[in-house]
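S.K.: Please build the complex by placing chain B on the supplied structure of chain A, with the hints as guidance.
So the sequence lines, in the order shown, correspond to chains A and B.
Each residue of the first sequence is one higher than the one before, counting from 1 in UniProt numbering.
Each residue of the second sequence is one higher than the one before, counting from 1 in UniProt numbering.
The reader is advised that the hints may include incorrect statements.
The list that follows gives simulated cross-link-like pairs (lysine to aspartate or glutamate, EDC-like), each with its CA atoms no further than 20 Å apart [what the hints assert, rightly or not]:
1. Lys48/B - Asp75/A
2. Lys70/B - Asp167/B
3. Lys119/A - Asp152/B
4. Lys34/B - Glu14/A
5. Lys37/B - Glu14/A
Calculated from the model, a selection of chain A residues having no Cβ within reach of chain B, i.e. all distances over 12 Å [to be verified]:
6. His23
7. Glu57
8. Glu89
9. Arg101
10. Leu106
If you are wondering where the hints come from, they were derived from the structure by calculation, not from laboratory data.
Where is the CB? At the ideal position from N, CA and C, for every residue including glycine.
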Amino acid sequence: MAQTSFYLEIITPERQFYIGPAHALVIPAVDGEMGIYPGHEPVVTAIEPGELRYENEGVWESAVVGSGFAEIKPDYVILLVGFAEHPEEVDRKRAEAAKLRAEERLRQKQSIQEYYHSKAALARAMARLKIGRH
Amino acid sequence: MASIKEIRTHIKSVEQTLKITNAMYLISSSNLRKARKQLSDVEPYFHKIETTISDILHHSPEIDHRFFDKRPDIPPERRKVGYIVITGDKGLAGAYNHNILKMAEERMAKTPNSYLFVVGQVGRSYFTERGIPIDGEFLYTAQNPNISRARDMSEVLMQLYLDGKLDEVYVLFTNMINSFRLEPTAYKILPLDPDVFPDYEENRDCYNRDVTYVPSVRAVMDRLVPGYLKGVLFGAMVESYCSEQNARMTAMKSSSDNARAMLQKLNLSYNRARQSAITQEITEVVGGAQAAESF
Numbered sequence: 001m002a003q004t005s006f007y008l009e010i011i012t013p014e015r016q017f018y019i020g021p022a023h024a025l026v027i028p029a030v031d032g033e034m035g036i037y038p039g040h041e042p043v044v045t046a047i048e049p050g051e052l053r054y055e056n057e058g059v060w061e062s063a064v065v066g067s068g069f070a071e072i073k074p075d076y077v078i079l080l081v082g083f084a085e086h087p088e089e090v091d092r093k094r095a096e097a098a099k100l101r102a103e104e105r106l107r108q109k110q111s112i113q114e115y116y117h118s119k120a121a122l123a124r125a126m127a128r129l130k131i132g133r134h
Numbered sequence: 001m002a003s004i005k006e007i008r009t010h011i012k013s014v015e016q017t018l019k020i021t022n023a024m025y026l027i028s029s030s031n032l033r034k035a036r037k038q039l040s041d042v043e044p045y046f047h048k049i050e051t052t053i054s055d056i057l058h059h060s061p062e063i064d065h066r067f068f069d070k071r072p073d074i075p076p077e078r079r080k081v082g083y084i085v086i087t088g089d090k091g092l093a094g095a096y097n098h099n100i101l102k103m104a105e106e107r108m109a110k111t112p113n114s115y116l117f118v119v120g121q122v123g124r125s126y127f128t129e130r131g132i133p134i135d136g137e138f139l140y141t142a143q144n145p146n147i148s149r150a151r152d153m154s155e156v157l158m159q160l161y162l163d164g165k166l167d168e169v170y171v172l173f174t175n176m177i178n179s180f181r182l183e184p185t186a187y188k189i190l191p192l193d194p195d196v197f198p199d200y201e202e203n204r205d206c207y208n209r210d211v212t213y214v215p216s217v218r219a220v221m222d223r224l225v226p227g228y229l230k231g232v233l234f235g236a237m238v239e240s241y242c243s244e245q246n247a248r249m250t251a252m253k254s255s256s257d258n259a260r261a262m263l264q265k266l267n268l269s270y271n272r273a274r275q276s277a278i279t280q281e282i283t284e285v286v287g288g289a290q291a292a293e294s295f
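Isolated chain A (complex conformation) (with noise of 0.2 Å):
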């Protein structure tokens, strides 16, 4: 018998962002987007700032994501990542600003310990911007 859906979790520090089936689901994940259906094999993976898609009863949401990583398995999928937000919900003002302020820091000298913070909050910045533009 073919599962048609499975188990989803997005959890963030903040709050459980989603919990209940899906269809499919889209992540960003290290090397490029993976699409997962439901008997996927058991598969451990990081996830990179990007875009995630997923579907539920023929509906597609989408969502902004932070880095994480994603336990896959044939029924069950649980994501944790560093803050997920609805596309309605992303503050475009700040991200754009944020944007700019992690490119200026990325011009200025730093530490590689800075320089690793800077990328990682223009990722932030980038990820945001891109889904919030829908």
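M.R.: Just chain B, lined up with the frame of chain A:
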């Protein structure tokens, strides 16, 4: 019996103290409400990240990765152990700070090479007073725990661990089991040890196949472990903060109650003293009058 004036000053001072303890009680109870909310938001994440990591570890028998390196060739007496101690910023929270500091000292006494990392003002001043050197200072207050602080802390510790400056890292924090039971807890965060994670619910364990790592074990672990550490530290800080507020609230409530009971007693003895003074005065007046009459 104490004089009326003495009792009055005593009453005044108790009233002043009561005002303070009562205000602190109100403040900490409102802080607690906030902290509770944060805790209930964080807890699912904290719990999930733990079970997921445990799940992953149980499904991948041998992971050859730097975060899993137990460094067995280093004898116990030369192992460098780091302790992150999470205390409060202020005292007057019952046994909250004392318990966690006692635990830290016990732990440190057992390990010859211990390194101390302290969060919170109380812990800082305690160890400085004792002349115990603090090796890493997270100059943060314990209030308003947030993710970026947890990130900074986990980065520092990971770097120390990877550079071989620390062989094991523990976090000592106060776990709030319920509002009456606050338990100081030590949690091993580095290296990751599958034995630390208990086997949990069987129903999720029905996949006996090993999991695949996309794109590779190394790449996944390089991202997963920092995320895990960040989550654990954040959870520990939130848990501690919530415990602190809870401990303070309880302590302040009982001291306010004590102050009220004391006031009642003092008022009673004040009234008695006043009454006896009046009685004495009347007796004196009457005695004086009788003496004048009989004269």
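S.K.: Are the hints correct? Go through all of them and say.
M.R.: Status of the hints after comparison with the structure:
no., hint, verdict
1, Lys48/B - Asp75/A, "17 Å, holds"
2, Lys70/B - Asp167/B, "8 Å, holds"
3, Lys119/A - Asp152/B, "15 Å, holds"
4, Lys34/B - Glu14/A, "13 Å, holds"
5, Lys37/B - Glu14/A, "10 Å, holds"
6, His23, "21 Å, holds"
7, Glu57, "24 Å, holds"
8, Glu89, "16 Å, holds"
9, Arg101, "14 Å, holds"
10, Leu106, "18 Å, holds"
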